[in-house]
Amino acid sequence: MSTPVHTLDRVVIRFAGDSGDGMQLTGDRFTSDTANAGNDFATLPNFPAEIRAPQGTIAGVSSFQLHFAGADIKTPGDKPDVLVAMNPAALRANLGDLKRGGVLLADSHEFTKRNLAKVGYQSNPLEDGSLADYQLHALDLTGLTVASVESFGLGRKEASRAKNMYALGLLTWLYSRPEAHTLEFLDRRFAAKPQIRDSNKAAFLAGHAYGETTETFAVRYEIPAAPAPAGTYRQISGNRALALGLMAAAVKADLPLFLGAYPITPASDVLHELSKAKNQGVTTFQAEDEIAAVGAALGASYAGALGVTTTSGPGMALKSETISLAIMLEQPLVVVDVQRAGPATGMPTKTEQADLFQSLYGRHGEAPLPVIAAQSPADCFDAAIEATRIALRYRTPVILLSDGYLANGAEPWLIPDLASIEPIEVGFATEPNGPDGTFLPYARDERLARPLAVPGTPGLEHRIGGIEKGDGTGNVSYDPDNHEKMVALRQAKVDGIVRDIPDLVVEDPSGGADVLVLGWGSTWGPIGAAATRVRNAGRAVATAHLRHLNPMPANTGEVLRRYRRVIVPEMNLGQLATVLRATYLVDVKSFSVVRGLPISPAELAPHLIDQIDSLGGNQ
Amino acid sequence: MTGLAQVPLALTPINRKEFVSDQEVRWCPGCGDYAVLAAFQSLMPQLGVRRENTVIVSGIGCSSRFPYYVDSYGMHSIHGRAPAIASGVALARDDLAVWVVTGDGDALSIGGNHLIHALRRNVNITIMLFNNRIYGLTKGQFSPTSETGKVTKSSPAGSVDAPFNPVALALGAGATFVARTIDSDRKHLTEVLTAAVNHRGASLVEIYQNCPIFNDDAFAGLKEPDSPAVVPLVDGQPVTFAGGEQAVVRSGDGTLIVRPTAEVDAGDIVVHDASADDPSVAFQLAQLTANQDLSRSPIGIFRSVDRPVFDDEARRQVHMPDDRSAALQELITGPDTWTVA
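In order, the protein sequence lines correspond to chains A and B. In this text, residue positions in the first sequence follow UniProt numbering: the first is 1, and each later residue adds one. In this text, residue positions in the second sequence follow UniProt numbering: the first is 1, and each later residue adds one.
Be aware that one or more of the hints could be misleading.
[As the list claims (entries may be wrong)] A few chain B residues facing chain A, derived, Cβ under 10 Å:
| # | residue |
| --- | --- |
| 1 | 67 |
| 2 | 77 |
| 3 | 98 |
| 4 | 154 |
| 5 | 307 |
| 6 | 333 |
| 7 | 335 |
[To be verified] Reference listing, derived: stretches of chain A covered by chain B, where coverage requires no fewer than 3 residues with Cβ under 8 Å from a Cβ of chain B:
| # | region |
| --- | --- |
| 8 | 28-37 |
| 9 | 225-232 |
| 10 | 247-254 |
| 11 | 274-283 |
| 12 | 301-315 |
| 13 | 412-418 |
| 14 | 464-478 |
Note that these hints are calculated values from the structure, not bench results. Beta carbons: idealized from backbone N, C-alpha and C, even for Gly.
Could you put together the complete structure from these sequences and hints?
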């Protein structure tokens, strides 16, 4: 008997279970197979900050959502079509999101009286008919898993741990995926632990066989490969792309890469990735605190390396004094803020875009610096190179903004060819530039950038520091006129970066939109997806996205004034909207969502349609 | 390997004047910092390393103006952060002699965390800690080394803070080179700094430094010849002081005590061993310091031992591939790819 295969355009699957159930790994593996199948995809891992929250509680639920399709997609999707719930807590926390009529796969073994009571179920939803609106498959995943690994002599608890692989095997069958990739993965991952390796493989194959041999599922599905530009692809998460981008920038600048960092969620994976790259000439310094991390990066930059520090919001706050010093020193430095929900500890594993004000203004004195933001996981690579290019060219610290969603989310990536990336010319000073063979560390080139002489360069010995610099000489100066001049020069230098920034590009297929949706950072995906829905609903809408937040592209004001209404969706209370209103005197409207989750196209699209319709005219 | 082993040597001899910058020195008349600067500028040519390979990083405070006055590479940074910045310099480059100039407020108050971590890591830097037991630049508040009861503008009823003993703190942090010297003793200062910079790893030199404006004569008792307050530490020698009349011996309970030399057996006097692997005797010697009135204070090298050096070990793990682009392209591509035709 062969189960009929239906072809689908797109599917959103959410794996949900206890933090210890291996949902992130399961999701990651399924994503990998999705990539291998040539689908476009986007992922949203969502996990608790606690390492092991109490078992079976809502607080301990960890989930991984994957959206995959035979077409270009930009977000991890809204409502899942398929929910895998490994226990009652996972069901409780996620059922509200599952589409009516969606597939619900639950491990009935975990639906015990005790576990049900923990999350407030009076009766067992798998049995009481309350899930009649869904395609419910209640399987004893634990029991089936234990039976499938019986021959390996593991204890029951140990044996049941492979149930995530059993579920993965079942879904691999359901979505017509080959088994080989996961089997190879398990071989690699557990090479040193043959018993674990073999039991996981057995559970995975048993799950697959279960789909094939039982008649539980009436159909299986396949999703055709998405049309994509020709080339070789891989799956990439934002933090990994960021680490690779920093390495690429260092290679292109022909400088050693030095990362000073202190562990902080969700930025730590950049530290981990770069720590693994010592054989690429990368030095990582796990400092005693955030302040030392940026200090060491600044010291390394002064000594001639590409100095980088990575952190999240609370760490940014601690680094701000050193960033100000780097502004005064006019020393290159890349500061990465992988934003998370704040203030204070906030929600460390949840995403937000609320550090824009901190990045633009969070320093003492007149302390301008360039700020740029990545828009998708893969884009973190390009954004890192762009940040480095500006930092080195203009001798300035640069803040690069990512966020928790980009950091952990993954998407397909057309693998870049390093050779096609423009080199970055650093041009360290080697000769005196002043009268009588003297060196003027604060002389300036046509971009207002100063010469950098690294220690060890004979004849160019000089001192720099946090006290105001005499124009040209860099000597300590308390002269009022000089201070005003230097304040203006530092500002003019950063403002002048606009010459290197491409104009803001507007996407308006119909050419007749009244409403412009302007985004920055990770809202790129949701805005694009929402705009598609709006256009499919017969409305015209224009979109544009800011990579450069300081300075902004030269045509920004002109673009804003071109539209009857400008809407700025942000995962904050309207920070970019405020900046735009203040800078360009345009009455932009904010669409604000601060729930620790990416903005959903399903909530943005109706809002846009309302806004468009309220203007009348053009439909 | 010495602390300067990888720093290139000067091709021609350098003189003291070449280490004097064109900036006017702006410390108060009579400030102890002048003596340290002069000793430093005389010492540098003797080390024989290239001037351009010397980097001085300082924090904030009177003493932290030091880099401006030395014609080498230098950075006047942020309050308390010099050890962190210097760690980055030292880790990035093995061919630089990296000095940190700091004060008691800078190193022990706002920057205490960075100081202890640089010492425990054993980063190859030389730290000159100017201790004048007062905040000078902010005009006279008590510092973390001020004696309890100190009356200042911020402690009109007397400070209730207990002072740090910087030597004991450094030893507790696992420092491999710890010494104490006095601004007015040019010869001793020069000897100790020379030993410190030649030590591979983190060296902490506490320099008792007089602030004539806000804490004048804080170390007066230590400056007379054969002062009974100075306990000279000489490696391999019995620890005696006050012209040899007082001796340091081990008491029955294991602590170090002071007895008239005439009353003890010569064999019972503690013989100083700076290279002892166990820091506990050095720590006990540090406890001889009368932290309140400095009526007694050991001066010299408390500890000088070899331990793996952070930056050397970190560099050992890093390998720059011959073809960086090719190596990185391989990493970017990764093991798991698919191709769209």
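Now the hints, each set against the structure:
Given hint, residue 67 (chain B) at the interface with chain A, holds; its Cβ is 5 Å from that chain's nearest Cβ, closer than 10 Å. Nearest Cβ of chain A to the Cβ of residue 77 (chain B): about 6 Å, under the 10 Å cut. The hint holds. The interface hint given for residue 98 (chain B) holds, since its Cβ lies 9 Å from the closest Cβ of chain A, which is under the 10 Å cut-off. For residue 154 (chain B), the interface hint is violated, since its Cβ never comes within 10 Å of a Cβ in chain A; the closest pair sits about 22 Å apart.
The restraint placing residue 307 (chain B) at the interface with chain A is violated, with a minimum CB-CB distance near 18 Å, outside the 10 Å limit. Taking 10 Å as the C-beta contact cut-off toward chain A, the hint placing residue 333 (chain B) at the interface holds, the least distance being around 5 Å. Because the smallest distance between the Cβ of residue 335 (chain B) and any Cβ of chain A comes to about 9 Å, under 10 Å, the interface hint for this residue holds. Here's how the region 28-37 of chain A fares: 3 of its residues keep a CB closer than 8 Å to some CB of chain B, so the rule of at least three is met and the hint holds.
Counting residues of the region 225-232 of chain A whose C-beta sits closer than 8 Å to any C-beta of chain B gives 6, which meets the bar of three, so the coverage hint holds. Counting residues of the region 247-254 of chain A whose beta carbon lies closer than 8 Å to any beta carbon of chain B gives 3, which reaches the threshold of three, so the coverage claim holds. Counting residues of the region 274-283 of chain A whose CB falls under 8 Å from any CB of chain B gives 7; the rule of at least 3 is met. A stretch counts as covered by a chain when three or more of its residues have a beta carbon under 8 Å from one of that chain; for the region 301-315 of chain A and chain B the count is 6, and the coverage holds.
Restraint check on the region 412-418 of chain A versus chain B: 4 residues with Cβ-Cβ distances below 8 Å, three needed, restraint holds. Restraint check on the region 464-478 of chain A versus chain B: 6 residues with Cβ-Cβ distances below 8 Å, three needed, restraint holds.
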